[in-house]
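Colleague: Chains A and B supply the protein sequences, listed in that same order.
Position one of the first sequence corresponds to residue 21 (my numbering), numbered consecutively onward.
Position one of the second sequence corresponds to residue 98 (my numbering), numbered consecutively onward.
Rather than coming from a laboratory, the hints here were simulated on the basis of the structure.
Honestly, I wouldn't trust all of these hints.
Claimed, not checked - Computed Cβ-Cβ distance ranges for the label pairs, DEER-style:
(1) Ala140(A) - Asp153(B): 23 to 31 Å
(2) Arg113(A) - Asp99(B): 28 to 36 Å
(3) Val197(A) - Ala192(B): 40 to 48 Å
(4) Ala191(B) - Asp320(A): 54 to 62 Å
(5) Leu162(A) - Ala192(B): 27 to 35 Å
(6) Arg306(A) - Leu134(B): 51 to 59 Å
Stated by the list, open to error - Computed list of lysine-lysine pairs in DSSO-like fashion (alpha-carbon distance at most 30 Å, straight line):
(7) Lys194(B) - Lys137(A)
(8) Lys276(A) - Lys312(A)
(9) Lys52(A) - Lys41(A)
(10) Lys121(A) - Lys41(A)
(11) Lys194(B) - Lys41(A)
(12) Lys136(A) - Lys195(B)
(13) Lys266(A) - Lys281(A)
(14) Lys194(B) - Lys136(A)
(15) Lys69(A) - Lys158(B)
(16) Lys81(A) - Lys195(B)
(17) Lys69(A) - Lys186(A)
(18) Lys194(B) - Lys69(A)
(19) Lys121(A) - Lys124(B)
(20) Lys69(A) - Lys159(A)
(21) Lys52(A) - Lys121(A)
(22) Lys294(A) - Lys282(A)
(23) Lys52(A) - Lys158(B)
(24) Lys186(A) - Lys294(A)
(25) Lys276(A) - Lys266(A)
(26) Lys159(A) - Lys137(A)
(27) Lys46(A) - Lys195(B)
(28) Lys103(A) - Lys139(B)
(29) Lys69(A) - Lys164(B)
(30) Lys158(B) - Lys136(A)
(31) Lys124(B) - Lys195(B)
(32) Lys139(B) - Lys81(A)
(33) Lys69(A) - Lys137(A)
If you're wondering where the values come from, they're calculated on a predicted model, not measured in any experiment.
Cβ coordinates follow ideal geometry from the N, Cα and C atoms, glycine included.
If you want the building blocks of each chain, they are given just below.
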Amino acid sequence: MINNPNLTRLRRSMMFLNAQKPGLIKDPFIYKPDSIMLDLEDAVAENQKDAARYSLYHALKEINYHGVERVVRINGLETAHWKEDIRVCVAGRCDSIRISKCESAADVIAVEEEMKKAEAEFGVEHGEILIMAALESTKGVLNALEICQASPLLFGIALSGGDYTKDLQTVISGTGVEFAWARGQMINAARCAGKQCFDTVFTNLDDMEGFRKETEMIKMMGFDGKSIVNPRQIAVCHEVFTPTQKQIIQAEKIVKEVDEKKAMGIGVFTVDGKMIDIAFYPGAKRTIELAKAAGVYEGDL
Amino acid sequence: MDVLCASVAGTLESSDAQVSIEPGNGKLDLTIESSVLNQFGKQIRATVLETLDRLDVTNAKVTVIDKGALSCTLKARVEGAVFRASGYTEDDIAAGKKLPWGGAIR
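Let's have the full structure, built from the sequences with the hints guiding it.
Modeller: Here it is in structure tokens:
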């Protein structure tokens, strides 16, 4: 059993940053994303993998990110880099490690085993650093449930659309049709295992309307947040994933009424003309929790 | 550590520093170029020398072109150049040669 509050923390926006670029990693907290993902993988050229690690280590040790979660994306398990990537992540005490190109439960377990070795070496408690898995292939998406169930350290899974569409032999169309099955499969697997689920990046920075529509759609599907590539996307992402005052008031009413009516032996009733029963309770509770985590709840629940 | 060959780490982008290193003539020879040399020259020099000292580099010619790097970046670039110059490759690391995180790198 892992007792780490980060397992369920708020992750509406997870922003990629190249760990090798000092100008990017020195102060991204000013934009207030929920998480940053310091990248050792695709953003870093093959001949700069070593330099990126030194840069990452000192950033983790010396830069105050003001409570923004520090996730590190490590190189894939098929590369020569990933084991040393894990050593530097553990030595620098990042908050979470993102496994790229994760395809099976065995991949997650392999990462956890390397983390255990590094934790013993650097005196870091097991459970302090969490794992998330990026699913980037048809195999990875098909194995979503076993990946979600592979480790108590794993807090969630994320779709990585670029590689996934290559594997599907299609392209990113902007309609979302190419991701429909993967998104549905992943959110089902994640919820079944009690984990979080994150959507892929939206790379057209000039199409903010398209970004908003896509974010609203994945929110409606059940996702917890979205990977982003630019600070400009944070505000929209947070707006979509933060409950509105109307939703909060409605949720408050439901929670209070269900509690009250339960004591009176009443199972089904109406709130503002809508039928409510116990099935609405967890959703309403979640809205309140989300509002609290986002810092917009002012009630007394 | 012995500097076996010439190497470079870092870029000339804003907030970065480019550190070049090559085998010395029996001593440490440090040159620093920076647009903020007047305000921060002493600190930059101290950070670079401390980092070289931790890595036990005593015989090398080191050139730093600073573009407004934080001390964490300066250290990272010096380490990058030194480990490259002393022959640490990704293949060595993959074969089990471990980097001293929290030891000489800190």
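Colleague: All hints, please: hold or fail.
Modeller: Structure-based check of all given hints:
1. Ala140(A) - Asp153(B): 23 to 31 Å: Roughly 26 Å apart at Cβ, these two residues keep to the hinted range, so it holds.
2. Arg113(A) - Asp99(B): 28 to 36 Å: 31 Å, holds
3. Val197(A) - Ala192(B): 40 to 48 Å: Holds, since Val197(A) and Ala192(B) (Cβ atoms, about 45 Å apart) stay within the stated range.
4. Ala191(B) - Asp320(A): 54 to 62 Å: The hinted range 54 to 62 Å holds for Ala191(B) and Asp320(A), with Cβ atoms some 56 Å apart.
5. Leu162(A) - Ala192(B): 27 to 35 Å: 34 Å, holds
6. Arg306(A) - Leu134(B): 51 to 59 Å: Given range 51 to 59 Å: holds, Cβ gap about 56 Å.
7. Lys194(B) - Lys137(A): Status holds; Cα separation ~15 Å.
8. Lys276(A) - Lys312(A): Judged against 30 Å, a Cα distance of about 17 Å means the pair holds.
9. Lys52(A) - Lys41(A): 19 Å, holds
10. Lys121(A) - Lys41(A): 23 Å, holds
11. Lys194(B) - Lys41(A): 26 Å, holds
12. Lys136(A) - Lys195(B): 16 Å, holds
13. Lys266(A) - Lys281(A): Since the Cα atoms of Lys266(A) and Lys281(A) sit roughly 22 Å apart, the hinted pair holds (cutoff 30 Å).
14. Lys194(B) - Lys136(A): 18 Å, holds
15. Lys69(A) - Lys158(B): 24 Å, holds
16. Lys81(A) - Lys195(B): Given pair Lys81(A), Lys195(B) holds - Cα atoms ~19 Å apart, limit 30 Å.
17. Lys69(A) - Lys186(A): 24 Å, holds
18. Lys194(B) - Lys69(A): 15 Å, holds
19. Lys121(A) - Lys124(B): 47 Å, violated
20. Lys69(A) - Lys159(A): This hinted pair holds, its Cα atoms lying about 27 Å apart.
21. Lys52(A) - Lys121(A): With a Cα-Cα distance of about 27 Å, the restraint between Lys52(A) and Lys121(A) holds, given a limit of 30 Å.
22. Lys294(A) - Lys282(A): Roughly 17 Å separates the two Cα atoms, so the pair holds.
23. Lys52(A) - Lys158(B): 42 Å, violated
24. Lys186(A) - Lys294(A): 45 Å, violated
25. Lys276(A) - Lys266(A): 16 Å, holds
26. Lys159(A) - Lys137(A): 28 Å, holds
27. Lys46(A) - Lys195(B): 27 Å, holds
28. Lys103(A) - Lys139(B): 37 Å, violated
29. Lys69(A) - Lys164(B): 22 Å, holds
30. Lys158(B) - Lys136(A): Judged against 30 Å, a Cα distance of about 40 Å means the pair is violated.
31. Lys124(B) - Lys195(B): 27 Å, holds
32. Lys139(B) - Lys81(A): 23 Å, holds
33. Lys69(A) - Lys137(A): 22 Å, holds
In summary, the structure is inconsistent with hints 19, 23, 24, 28, 30 from the numbered list given earlier, while agreeing with the others.
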